[in-house]
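**Q** Kindly generate the complete structure, drawing on both the sequences and the hints.
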Amino acid sequence: MINVKGLKKSFGKNEVLTGIDVEIAQGEVVVVIGPSGSGKSTFLRCLNLLEQPTAGEIYFEDELITQRKYDIDNARKKMGMVFQHFNLFPHKTILQNLTLAPIKVKKTNPAEAEKIAMELLHTVGLEDKRDTYPNQLSGGQKQRIAIARALAMQPHVMLFDEPTSALDPEMVGEVLEVMQKLAHEGMTMVIVTHEMGFAREVGDRIIFMDGGQIVEQGPPEQVFGAPTHPRTQDFLSKVL
Amino acid sequence: MKALKPWFACCLSMLMLFFTVIPLASAAQDNQKVITVGLSADFPPYEFHKKIDGTDQIVGSDVEIAKRIAADMGATLQIQDIPFDSLLPALNSGRIDMIISGMTPTEERRQNVDFSESYYISRQVIMTRVEDKDKYTSVDSLQGASIGVQKGSIQEDIAKDIKDAKLTSVDRIADIVLSLESGRVDAAVMEGPVAEGQVANHDDLAITSATIPDSDTEMAIAVKKGNAELLGHINGTLAKLKQGDQVKKFVQDATALNSGEQQKSNNIFTIFWDYRQYYMKGIQYTLLLSAAGVLFGFLIGLVVSLFRLSNVGILRWIAVTYTEILRGTPMLVQLLIIHYGIAQTFHIEFSVLESGIITLSINSSAYLAEIFRAGIQGVDRGQMEAARSLGMSHGMTMRSIIIPQAVKSVLPAIGNEFVVIIKESSIVSFIGVADLMFQAQAVRSITYSALNPLLIAAAIYFIMTFVLSKLLGMLERRWSVSDKR
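Residue numbers (this note's numbering), protein chains in the order written: chain A, 1 to 240; chain B, 1 to 485.
No lab work stands behind these hints, which were simulated from the structure alone. There could be a bad hint or two in this list.
Unchecked claim - Derived BS3-like pairs (lysine-lysine); straight-line CA-CA distance at most 30 angstroms:
1. LYS67/B <-> LYS240/B
2. LYS133/B <-> LYS163/B
3. LYS408/B <-> LYS106/A
4. LYS238/A <-> LYS8/A
5. LYS115/A <-> LYS69/A
6. LYS51/B <-> LYS151/B
7. LYS408/B <-> LYS92/A
8. LYS224/B <-> LYS92/A
9. LYS107/A <-> LYS408/B
10. LYS163/B <-> LYS135/B
11. LYS181/A <-> LYS107/A
12. LYS224/B <-> LYS151/B
13. LYS77/A <-> LYS408/B
14. LYS106/A <-> LYS78/A
15. LYS129/A <-> LYS408/B
16. LYS92/A <-> LYS115/A
17. LYS133/B <-> LYS33/B
18. LYS33/B <-> LYS224/B
19. LYS104/A <-> LYS408/B
20. LYS104/A <-> LYS78/A
21. LYS50/B <-> LYS248/B
**A** Next up, the structure:
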């Protein structure tokens, strides 16, 4: 579904990604872990071109999205993204947050968009918040809304950029629960996280990144249970 | 960039609406021949404001002459009240057809405009405070004294010839009176009948016995250079008037009319009450100008700020140049360039109101553009990323996500700009927009009260800005409450 070849990204002289090749299959849940500064968020943000890669190719559903004239909005419609700091639209109600993009981008008719939105609010357990504004919600609620907002576009893949890092500990659970439900429904997901327990439980494949490269990858039981690379072992010994 | 187009279309249509709707009001009587006379109506008995049957009218001997000329030509007369030193530019830019404002045909003026035969000869006098009446009995005694004159007037030229005299040139006769009364100047050179009118209304002023040699000055009517046809009509009418010594009679009548206008009391409250309609009308214009200035300034400023933040170098350059020039030049200069300069160069004539609104709009747009830029840059970067990640285009994101938040965050600053504009709009009185300042000047020349009409205007300006600031403060607090959890 997503195919990344030789992806490099520099900010000025600072090379953050030094060459990444990875393939993500339909329905797969890939969890990216690694120390901070390892480039995992940059890698994720390159997948929908929020960061413009310096070199390399990214194919999404067999289309080369890194080619010059490609209309990236086209791919982004099918790639949902959830951010560390939620980034809900503060001047819109919860319902409007969910229906804005479907109506504007996909030209879904408003009644249909609202129906989809209400189903999603039901899924994340926040139907009663439809007419409130984001500032009246807790962090965990905001992130659940952010997930629902991305899902409202009915994406083919969901990208999660440290979705629980900005949350108070007691709110992490409710967000992970929603993500887990999503994974069980067969959604293709790429998740950057520090929640190792969640990664082990939900991930089909774990990617360990360090120094802008993929150091080691494999099924959770392999990466967490028997890491082969010394840097992976070192990292896991610190976080587990 | 293509996504910006609806915005352009929107702003353009607003601008077009602005340029089409407003002139409609003034273009109604195009089919009748209209002759427009410019004069500085603070010069009794030649031209001055007077309340007749409750409405303000410009009257005086020059106005009578103008009426005769118009009647002989079969045209409708239109009078524009313009400060004296703006009369020549107004004539040359084609905004008025002729000047009848007690103007003396000096050599210097003859180079710029053509003059009719002279229609009246006036003598110049020295006016001082009563206690100094015997101090200045001759021109020589004025040596080293400070002298007040009207800017651009013949009296200014005369005073320049007085040895060691320190000249203070001001816009209005009322300002000369104020300068005399407050001791800023010792004496004033003034037209005889004009001085008589002032002395009759100010007990503390007097005309000295000094005579100024070679100071008899002719008055003539100015037309645009080369306008021989109009000049022919004017001279024809003047010749007729001269036969019956009509002009002298006009001046006598006007003097009588003027002195009949004794202000009962110069008490500030009486003045306000008697001339409340002047002030009310002035308030309306001031508010209209300010509101239009902020509204159009808002729209233009938004477009300029988007240019400023655009990725296209040339657009950024245009925006920077636009804001820097507008913020780096005085608004008065901008006003005069737009009103007179554009008319002269491109033959586009804006009415005084249009010129006023355009100037205020573009001037405030430069300030608002900077405010918007700060507002747009102040919106969290994550907002753009979130919207883009949902597949929304850059333009769509700007419109639905970024700009609404930016505008909300800069609303207090926009309100501030409104308050500033209310005060700064007073400069449009320079080109003759009947705003609050203009009305205050009119009341000054009617009542011969130099200071009180200004104090009333100051009080009204203060009340308007103070109330508005308080209202904005309340609004702001309400908004910020809804932002809190």
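**Q** All hints, please: hold or fail.
**A** Hint check results:
1. With a C-alpha separation of about 13 angstroms, the suggested pairing of LYS67/B with LYS240/B holds against the 30 angstroms cut-off.
2. Proximity of LYS133/B to LYS163/B is assessed by CA-CA distance (about 20 angstroms); at most 30 angstroms being required, the pair is judged to hold.
3. Between LYS408/B and LYS106/A the CA atoms are separated by roughly 28 angstroms; this keeps the pair inside 30 angstroms, and the hint holds.
4. Restraint check for LYS238/A and LYS8/A: the C-alpha separation of about 28 angstroms stays at or below 30 angstroms, so the hint holds.
5. A distance of roughly 35 angstroms separates the Cα atoms of LYS115/A and LYS69/A; the hinted pair therefore is violated under the 30 angstroms criterion.
6. Between the alpha carbons of LYS51/B and LYS151/B the distance comes to roughly 26 angstroms, so the proposed pair stays at or under 30 angstroms and holds.
7. A threshold of 30 angstroms between alpha carbons decides the hint, and for LYS408/B with LYS92/A the separation of about 13 angstroms falls inside it, so the pair holds.
8. Straight-line distance between C-alpha atoms of LYS224/B and LYS92/A comes to about 61 angstroms, which puts the hinted pair past the 30 angstroms bound.
9. A hinted pair counts as satisfied when its Cα atoms are at most 30 angstroms apart, and LYS107/A with LYS408/B qualifies at roughly 27 angstroms.
10. For a cut-off of 30 angstroms, the pair hint linking LYS163/B to LYS135/B stands: about 16 angstroms separates their Cα positions.
11. A C-alpha spacing of about 28 angstroms is found between LYS181/A and LYS107/A, which places the hinted pair at or below 30 angstroms, so the restraint holds.
12. With a C-alpha separation of about 21 angstroms, the suggested pairing of LYS224/B with LYS151/B holds against the 30 angstroms cut-off.
13. A distance of roughly 28 angstroms separates the Cα atoms of LYS77/A and LYS408/B; the hinted pair therefore holds under the 30 angstroms criterion.
14. For the hint pairing LYS106/A with LYS78/A, the CA-to-CA distance comes to about 11 angstroms; that is within 30 angstroms, so the pair holds.
15. The suggested pairing of LYS129/A with LYS408/B holds, with an alpha-carbon distance near 23 angstroms, which does not exceed 30 angstroms.
16. With a C-alpha separation of about 18 angstroms, the suggested pair LYS92/A and LYS115/A falls inside the 30 angstroms cut-off, and the hint holds.
17. Using a Cα cut-off of 30 angstroms, the hinted pair LYS133/B and LYS33/B is violated, with the two alpha carbons roughly 50 angstroms apart.
18. Between LYS33/B and LYS224/B the CA atoms are separated by roughly 18 angstroms; this keeps the pair inside 30 angstroms, and the hint holds.
19. For the suggested pair LYS104/A and LYS408/B, the alpha carbons sit about 22 angstroms apart, so the restraint of at most 30 angstroms is met.
20. A distance of roughly 15 angstroms separates the Cα atoms of LYS104/A and LYS78/A; the hinted pair therefore holds under the 30 angstroms criterion.
21. Taken as a hint, the LYS50/B and LYS248/B pair is honoured in the structure, with Cα atoms around 20 angstroms apart against an allowance of 30 angstroms.
In this structure, the hints that do not hold are numbers 5, 8, 17, in rising order.
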